[in-house]
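For the protein sequence lines, the chains are A and B, in the order given. In terms of my numbering, the first sequence opens at residue 1 and continues consecutively. In terms of my numbering, the second sequence opens at residue 1 and continues consecutively.
Treat the hints as calculated values from the structure; they're not laboratory data. Computed from a predicted model, the values in this text were never measured in an experiment. Hints are supplied without guarantee of correctness; some may be wrong.
With a cut-off of at most 30 Å between alpha-carbon atoms, the simulated DSSO-like pairs for lysine-lysine come out as follows [to be verified]:
#, chain 1, residue 1, chain 2, residue 2
1, A, Lys57, B, Lys2
2, A, Lys18, A, Lys69
3, A, Lys57, A, Lys71
4, A, Lys65, B, Lys2
5, B, Lys42, A, Lys18
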Amino acid sequence: EAQVTQNPRYLITVTGKKLTVTCSQNMNHEYMSWYRQDPGLGLRQIYYSMNVEVTDKGDVPEGYKVSRKEKRNFPLILESPSPNQTSLYFCASSLRVRTGDSYEQYFGPGTRLTVT
Amino acid sequence: RKEVEQDPGPFNVPEGATVAFNCTYSNSASQSFFWYRQDCRKEPKLLMSVYSSGNEDGRFTAQLNRASQYISLLIRDSKLSDSATYLCVVNRDNYGQNFVFGPGTRLSVLP
Chain A
1 EAQVTQNPRY LITVTGKKLT VTCSQNMNHE YMSWYRQDPG LGLRQIYYSM
51 NVEVTDKGDV PEGYKVSRKE KRNFPLILES PSPNQTSLYF CASSLRVRTG
101 DSYEQYFGPG TRLTVT
Chain B
1 RKEVEQDPGP FNVPEGATVA FNCTYSNSAS QSFFWYRQDC RKEPKLLMSV
51 YSSGNEDGRF TAQLNRASQY ISLLIRDSKL SDSATYLCVV NRDNYGQNFV
101 FGPGTRLSVL P
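Take these sequences, add in the hints, and give me the full structure.
Here you go:
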C-alpha cells in the first residue's frame, strides 16, 4: 500500500530534550516536506527536500533540522525543543504529475507533539 | 496580509445545497494551485488541482483567475460526507516544493 508513515504519532517531552520524528514514504517520491499545523495559523512549511542531500528552508525553519540521506526517509530533528514547538506535525511527499506541472502531496497521519 | 486567504467560515449548509469557497493569493509568481480537504485534524488529502482553464470532477468545480489572483471551489448537491475543512494551497515555485496553505474554510453539511 502506498503511504507516508510517521513515528511517533504522539509524543510528550520536556524542554531541551532532543527528539527526532521519523518520516518514510514507499512511493519513490523525490520531494518531501515537513509542516506544522497550529490553530488559526493553518499548515506552515518547515523544511522541504527536492532530492537526496538537497534540502531547503520553508517558512518556519527556526528550531528544526532535517536530513535526506535516503530517498524514502526525511526525519525532523528538534535539537532543543521548546514549548512553542508544541504542535501537530505532518510529513508529506510529492510526485510531479506529468500534465499541468502540478504536484500532488501525500501526507502522513501526523505527529502530535507536546513540549512541557 | 496573509499570502493565501480564504473565506473565514464556518459554512453550515443543508444537504443538497450548492456552496462556493473563495481563495485569494498575493504572490503573483505562484505557479500551481490546489484544493485539499482535511477531516477533523487528520491529514490533508488532495481534492483537486486547479488549472487555468477550470476543471470539474463530479460535483466539484475549480476555477482559477490568474489576473485577479483568485481561486474558487464549487460543490454542488452537498452530501453529509462533504463536511470537512477545505484548504486552498499555492505552490510558489514550479520547480520546487514551496507550498503555502490557506487557513482553511470549515464546511458542515446538515441533514
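Outcome of the hint check:
1. A:Lys57 x B:Lys2: OK: lysine 57 of chain A and lysine 2 of chain B at ~19 Å, within 30 Å.
2. A:Lys18 x A:Lys69: holds (20 Å)
3. A:Lys57 x A:Lys71: holds (18 Å)
4. A:Lys65 x B:Lys2: Judged against 30 Å, a Cα distance of about 25 Å means the pair holds.
5. B:Lys42 x A:Lys18: The hint holds at about 26 Å.
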